[in-house]
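A.B. asks: Protein chains in written order, with numbering that gives the first Met the number 0: chain A, 0 to 387; chain B, 0 to 354.
Incorrect hints may have been included.
To be verified - Not the full set, but computed from the structure, chain A residues with beta-carbon under 10 Å of chain B:
hint, residue
1, S23
2, G60
3, D70
4, K77
5, V95
6, L125
7, R239
8, R254
9, G369
Claimed, not checked - Listed next, the in silico DSSO-like pairs over lysine-lysine satisfying Cα-Cα at most 30 Å (straight line):
hint, chain 1, residue 1, chain 2, residue 2
10, A, K248, B, K47
11, B, K47, A, K257
12, A, K306, A, K257
13, A, K248, A, K306
14, A, K2, B, K47
15, A, K14, A, K189
16, A, K174, A, K189
17, A, K257, A, K2
18, A, K174, A, K306
Please keep in mind that the hints were generated in silico from the structure rather than gathered at the bench.
Built from N, CA and C at the ideal position, the CB exists for glycine as well.
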Amino acid sequence: MAKEPVAVVGIGQTKHVAARRDVSIAGLVREAAQRALADAELTWADIDAVVIGKAPDFFEGVMMPELYLADALGAVGKPMLRVHTAGSVGGSTALVAANLVAGRVHGTVLTLAFEKQSESNAMWGLSLPVPFQQPLLAGAGGFFAPHIRAYMRRTGAPDAIGSLVAYKDRRNALKNPYAHLHEHDITLAKVQSAPMLWDPVRYSETCPSSDGACAMVLTDRAGAARAPRPPAWMHGGAMRSEPTMFAGKDFVSPRAGKDCAADVYRQAGIADPRREIDAVELYVPFSWYEPMWLENLGFAAEGEGWKLTESGVTELDGDLPVNMSGGVLSTNPIGASGMIRFAEAALQVRGQAGEHQVAGARKALGHAYGGGSQFFAMWVVGAEPPTT
Amino acid sequence: MAPAAPGARDVAIVAFGQSDHRRSTDELSEVEMLMPVLHDVLAATGLKTGDIGFTCSGSSDYLAGRAFSFTMALDGVGAWPPISESHVEMDGAWALYEAWVKLQTGDCDTALVYSYGKSSPGSVRDVLTRQLDPYYVAPLWPDAVALAALQARALIDAGDTDEPALAGVATRSRTAARANPHAQLRGSVPHGDYVVRPLRTGDCPPVGDGAAAVVLAAGERARRLCERPAWIRGIDHRIEAHGLGVRDLTDSPSTRLAAERAGVFERPVDTAELHAPFTSQEVVLRKALRLGEQVTVNPSGGALAANPVMAAGLIRLGEAAARIHSGASERALAHATSGPCLQQNLVAVLEGDPR
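Construct the complete structure from the given sequences, taking the supplied hints into account.
C.D. replies: Written out as structure tokens, the structure is:
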């Protein structure tokens, strides 16, 4: 039974900022959705179903906000699903929407992810009460810093690699009008002299807290034929999950990430991702995760990821550009961050990425992860429809 | 509208399990409450975690009072080697829907669906107010019973029901629950005092903790796993406007539309498991679904006998499937709801093979 091919025909996002005090949550999501519809030259009436995602409800203090958002997203009278898979949710949400099209349940689906972190306090939203979690983890950075240390020890990577990633991503963000951080005076020296937050992670190597939303219109072959601009075609998509904590878990390179990538590459017919993928949007909330994920996803051999970063391969004009948009390091509305990665990958193969466009990008990877490096969602999109 | 569309893949519920629903389970974590139920459905099918093609769960952080509450349950599932898995912050009925969609893509042949909720740690009436419009309504803390009472009052004013008729619904449900060993309230109970007029104790669901799980399978795989699979002939869900002021509370157009799309009206059903936590909501749903007196409604006792929030909808699908499995039903309807006053509704039609 062949699946229906899935095309991305509309992409919209808000300008991401620390606090959107001018709009409600409903206003924020509607802005992104309307931009995606405008890109696809469709109206609310053309949408068959809505799939929405965001990270924990405690981030805004609204329980199951999709109920309240039904009106704002034109969902009244339609099916509406709400996905939540921690930090990977933006990617998972897009994949659930894609399955609705691939399984021929609906023809055209609006998918959207958001976070309006200014409505609440993400630090508290993430602070699980004792005894459910060990105290003094001090937010996400406190959880991930030891795993970065483990990576450095394991690979012998020089201390400077993390700052190179942050310097690159923040410069890329200057070319992306929707990015949250636009640090026009950024220098490598500034990154390297930023205060240390969770050794080895410096202030400039961490993601900001953003308000923002990202939306996509996904459609079937017939919908793609009517699209006004080139669609991005989904060549593969997968989710993988593993337990939070157990003795056999490799926090540096989780098996769920490897398995997820392998599944996506198999679907997309990719044997050598380093050569066959032209542009990569990775979920990198702390700079060191770029080399770590390059290894986890098979772009570099184990222990070699930092060498790609160091040699400039992952720069915007490098041989394998990573986080052309500025990445999570420049823009982090948590629930939307995964979908932004998926959307940026699609923008690249549509040739619609503006100043941060990679010339001739034909295949791109969007990647998201969440929880304690345990939830993974990825897709590969291409400029051409899939052949299988 | 794939359910009735040509080419839709045959998918069935092949196993269903649920916990005993209780007012309070202080001695159990959510994971401990869930694990026996997961073991039940896996044992019933002979499947192991590693054999399952896709896993999807439903739960709410707000009930648990902590972010990422579902991650602990995933540890309990034993997701190693890593599994293909997803989660909806919704009732498990919608997790089942996501799993059904995944099976429609042909990516896998089996799926495990589970959901759970513990209402006992907090005041669920208050917790549910946090579902409301956060700027204009939630700050007023209108609780779930008060909103349901508004709907009941609208129904009585419209002449669609009266208090004795609502009492009749309560009595029938609690009587039916006598045959349900998992129900929290069984047997006759007094109609009780008013909680919020016109709703009395008997018109309202019990507050309790519980979990449920089902296994789905496609085509021949379903026949191998279950003697009499409960085929999902149609499934659809729809949402309405959030604001109570813009809805006719005596009607449920989203239920009717979902039922149409699921093919409910093509042939009569013999059984209906309705997720109606309040007696008055059964009146609304019966009308929207055009259920006559010949249909057995909520033989399990329904949500009036046990209403573990986030699992109660999935239990309706499971109870309907169990009736097919046992041969007590040929064609059953299952319904799940979410949001204040039946804002969001899911309807499925389940059938056994002809005998």
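A.B. asks: Hint A/V95 vs chain B: min CB-CB distance below 10 Å?
C.D. replies: The hint holds - A/V95 has a Cβ within 10 Å of chain B, the shortest such distance being about 6 Å.
A.B. asks: Hint A/K77 vs chain B: min CB-CB distance below 10 Å?
C.D. replies: holds (7 Å)
A.B. asks: Starting from A/K2, check that the Cα of B/K47 is at most 30 Å away, please.
C.D. replies: holds (27 Å)
A.B. asks: Quick check on A/R254 please, does its C-beta sit within 10 Å of some C-beta on chain B?
C.D. replies: holds (6 Å)
A.B. asks: Between A/K248 and B/K47, is the straight-line Cα distance small enough, at 30 Å or below?
C.D. replies: holds (21 Å)
A.B. asks: Would the pair A/K248 and A/K306 pass a check requiring their Cα atoms to be no farther apart than 30 Å?
C.D. replies: Given that 30 Å is the threshold and the Cα spacing comes to 25 Å, the pair holds.
A.B. asks: Is the interface hint for A/R239 satisfied, with its Cβ closer than 10 Å to some Cβ of chain B?
C.D. replies: holds (4 Å)
A.B. asks: Between the alpha carbons of A/K174 and A/K189, is the straight-line distance 30 Å or under?
C.D. replies: At roughly 19 Å apart (the allowed maximum being 30 Å), A/K189 and A/K174 satisfy the hint.
A.B. asks: Does the interface hint hold: is A/G369 within less than 10 Å of chain B, judged Cβ to Cβ?
C.D. replies: holds (9 Å)
A.B. asks: Does the structure keep A/K174 and A/K306 at a Cα separation of 30 Å or less?
C.D. replies: holds (25 Å)
A.B. asks: Interface hint check: A/G60, Cβ to nearest Cβ on chain B, cutoff 10 Å. Holds or violated?
C.D. replies: OK, holds: A/G60 within 10 Å of chain B, min 7 Å.
A.B. asks: Given the hinted pair B/K47 and A/K257, is their alpha-carbon gap at most 30 Å?
C.D. replies: Holds. B/K47 to A/K257 sits at ~22 Å (cutoff 30 Å).
The structure meets every hint from the earlier list without exception.
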